[in-house]
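Listed here are the chains, written in short residue letters.
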Amino acid sequence: MTNGTSTAAFPGARSAFERLNPIRAIGELSESRYWMYLLLLPSALLITAVVLYPTLYGIQLSFREMRLNRPDLGTDWVFFKHYARMMSDPIFWVALRNTAVWVTSSIALEFLIGLVAALALNRDLPGTKLLAVLILLPYFLPNVVAGHMWALMLDPRLGVINDVLVRVGLLESYKAWFADPNTAMAAAIVVEAWHSFPFFTLLILAGLKGIPADLYKAADIDGAGAFSQLRLITLPMLKTIIAAAVILRVIGLVNSPDLLLILTSGGPGRSTQVLSLYAFQTAYKDFNFGYAGALSVVMFILLMVFAWGYIRLSRFNQE
Amino acid sequence: MTTTFDRRSLLKLGAAAAAATMLPRTAFAQAASINYWHTFTSQSEFAGLEEVMKLFAAAHPDIKVTQENIPNPEFMAKITSAVVANSRPNVTMVSSERFADLLAMGALTDMTERIASWDRRADFDDKRFDSITKDGKVYGVPGFTFVDWMYYRKDWFDEAGLAPPTTLEELRQAAIKLTDPSKGRFGLGMRGGPGGQNYIINVMAAFGSPVVDATGTIGLNRDKAIEAIDWFSGLLTRDGAVPPSAANDGFRQVIEGFQTGQTAMIWHHTGSYQDVASALKPGVEFATLAMPAGPAARIARLAYAYNTITSDQNADASWEWVKFWGEPDAAVAFLEKTGYFPASSVAAKDERISGNPMYKAAAETLEFGIPQPSFPGYAGWTESVVLPAFQRTLIGQATPEQAVDEMIDGLASATA
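First to last, the protein sequences are chains A and B.
With the first letter of the first sequence counted as 1, position 102 gets the number 102 in our numbering; the numbers rise by one all the way through.
For any residue, its number in our numbering is found by taking its place in the second sequence, counting from 1, and adding 1000.
The hints are simulated quantities; they were obtained by calculation from the structure and are not laboratory data.
One thing to keep in mind: the hints can contain errors.
[Unchecked claim] Just so you have them, the derived chain A footprint on chain B, three or more residues with Cβ under 8 Å:
hint, stretch
1, 1069–1082
2, 1101–1109
3, 1241–1252
4, 1257–1268
5, 1373–1381
6, 1390–1398
Even glycine gets a Cβ: it sits at the ideal position worked out from N, Cα and C.
If we strip away everything but chain A, and leave its shape as in the complex, we get (with noise of 0.2 Å):
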């Protein structure tokens, strides 16, 4: 009562009041075009502090000096010299190399493999479901597992695989696979398609469900063969799936070099080695965090270049 006498008495007071009313101003703001804006607020302080920072706080540890095994460096700002050592750095451009042909070969045969798969699963004949999870099982196992298998049974002393080799006759003797600097890049991604073939299996199999069955129909009818329709109609139907599979095992290979270590550890040599690796490396057995923080955003770099000329060229948003 004595507030509502009092600002009664005194309306310019009242209206004060109603002005700093929180109801009232969300209400008021929820009309205005400020609204969207709050409402992202919490998903964009969410995203700040788990992805923007940690990528902002890897890209300044490239322009730092930070050897966790040499604190009389100290952690001084050295602005491009990490990215100037590498420009000289023979193993970065043998890392840069191998990466391209460990990337681009292990996509084209997974891709190869699992377009296969998926078709073959798509005829829905007796047993498909149960040989789809069969086909799945690589995928499910952890990439350290698969690793060490995989080196078991290439294994030059003891590997089944040469052991049917030879029986067959297509080996003379025991070969050792990561040994050689010739076959050590392709067993391994031998070892890696297998692994993740089943990606694209389930992604492409999923976007030829989603394919009319009338346009197999119609090309039926105008004569057109099983290349024909392929060619025609299933992978210009896939291209959207396709294109998102691609870049997001491209992001998956470039970025993780654990197969790789438990297969090669990056041998013989340099043979076997990639940038993340590289990457890797320098992080844990040198401790040199800048240069390895250089190594990381150049790879992430490579990354941004080819998802955005990727996209541009299937154009699959567009659609």
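Please arrange chain B on chain A, whose structure you already have, making use of the hints.
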């Protein structure tokens, strides 16, 4: 009704409250839990660890030890992350060559006072602590010793009328004679893959190019190092006396090669004794030998696995676990399961060790063995530069000269 507190009852209440707050702590202390990071991988190593943990649990029922295996290749990554994130284990097993790096990044705790007042300190030769001491401060207790030695197929040597090699050149000659690729048999199981860097360093030292010389200077003698790399890689490239898979062979491949009768000799340390003995008959099919001498020096490493306190939490319980490894019963139990030699001189004199002729070579090595070089950047340099450079000579991508130049440049960068 009002309640009044006089000074006396207030003090009583305060004392009771203080006692109540102490209760959980006492209860916690009675069941202290510590976690132990180690790099054991083989079945025999795990059997040894379990045995020590069993003995410890009987002696200290109030302390619960949880062990966690960190494979060697991932160890430095995990411990570095744990240090940076301040989520360190209570106790960590640290090998000699990792000490400098871990100390530099502030991972280790000064244990000087605890060790000085330990009643078993006198059981250990002072030298055992050299590789874990910096500026007079001691950061760990040796749990056991990696005594470098070699295994050879005694039955093959006897059959060929060969004497066990005492020099590297004799070893080479024996390796050539015992090699028969048609039978899938090679003279020496060379570890040119993961973990092989230490043998490359040892061969260079045996030829007169130690990484750290007697004056403490870090560097390589280029000519001697080239001679060493030429000799060592020549075992594959010229003599064909090692398996062609050498450039990728790590611990598993080397041990399996010997166990399955594909190699006549291998270099390792006492820790693999039980693994080898599980497949071949000691004293009949295989025997042990101290490392042969090179042209300039006889090199065998005595490296120690130190147990270090890496967290301030439950430090007293951690210390009990660390020092328990120095108890003779624990050390001998561990040796019996694994073959790892005790670091304690008292334990090493135990009849169960001194009475076994297979350990004669290890006892001999204790007389001339030396510790691994240790300086910040050493471990990374050997793994990231020395090993790949040597592998390049094995696969014909580099000459010994190029490999050694690569090592010298890498060493300069690592220590710059």
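Verification of the hints:
no.	hint	in the structure
1	1069–1082	holds (count 4)
2	1101–1109	holds (count 4)
3	1241–1252	holds (count 7)
4	1257–1268	holds (count 3)
5	1373–1381	holds (count 5)
6	1390–1398	holds (count 6)
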